[in-house]
Amino acid sequence: DGGITQSPKYLFRKEGQNVTLSCEQNLNHDAMYWYRQDPGQGLRLIYYSQIVNDFQKGDIAEGYSVSREKKESFPLTVTSAQKNPTAFYLCASSSTPRTGNTGELFFGEGSRLTVL
Amino acid sequence: AQTVTQSQPEMSVQEAETVTLSCTYDTSESDYYLFWYKQPPSRQMILVIRQEAYKQQNATENRFSVNFQKAAKSFSLKISDSQLGDAAMYFCAYRFRTSYDKVIFGPGTSLSVIP
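So the sequences go chain by chain: G and E. Just so we're aligned, residue 1 is where the first sequence starts under my numbering, counting upward by one. Just so we're aligned, residue 1 is where the second sequence starts under my numbering, counting upward by one.
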């Protein structure tokens, strides 16, 4: 079935360590996104990519990095520079205007990162 | 910059009754999408309903319907015949239609359904 797969579902990290969250999609979508969600709050955009080998910073990019070497994959690295990384991370994808679309984001099941 | 506001942090409804969740947004664009997403306790984001701004007709999906007032920049969600499974966080979201950069989310409304 087509969809978005995020892994791991739960991740624990010691302070000072970098961690990478995986996001893979088989929907043939050009655009991919990473959002952060804190308890009781909405979604804040970290990074997004509209095409392979290109990505843009969102509203809270500091302390995070991404790559987009393949259309299907958009991994997010939470670096030690991120001051408060404990959160729920959601990856999403969508089609782009040139390929035809219905506009919505399709989401993965999320990754819960806890810093010990 | 575009913003999305949901003025009701929490709402509750009796099972089988109707509830309306409010959403307002701010944009200078004329061509955009609006969405309502549901996030149940599993935290999986689920699209509830979508509205294209150029369409006059309000979108409807089974028990879910919207009241889209473009001039007022208002996009409320009505849930009819509420069910226990409707209990969730509901997020209103906006995206510019012809440029697929950001989707802007509101802060969410937590809906409880009382048996």
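Worth flagging that the hints you see were computed from the coordinates, not collected in a lab. Note that the structure is a prediction, hence the values are computed from the model and not measured. Any given hint could be a false lead.
[As the list claims (entries may be wrong)] Calculated Cβ distances over 12 Å to all of chain E for the following chain G residues: (1) 7; (2) 14; (3) 50; (4) 83; (5) 86; (6) 94; (7) 112.
[Unchecked claim] Derived lysine-lysine pairs resembling DSS-like cross-links, with alpha carbons at most 30 Å apart: (8) 102(E) / 71(G); (9) 57(G) / 9(G); (10) 70(G) / 102(E); (11) 78(E) / 102(E); (12) 102(E) / 9(G); (13) 71(G) / 57(G); (14) 9(G) / 71(G); (15) 14(G) / 57(G); (16) 102(E) / 70(E); (17) 9(G) / 70(G); (18) 73(E) / 102(E); (19) 57(G) / 70(G); (20) 83(G) / 14(G); (21) 102(E) / 57(G); (22) 83(G) / 9(G); (23) 83(G) / 78(E); (24) 78(E) / 57(G); (25) 73(E) / 55(E).
Yeah, the Cβ is synthetic: ideal placement off N, Cα and C, and Gly gets one too.
Any of the earlier hints contradicted here, and which numbers? 3, 6, 7, 23, 24
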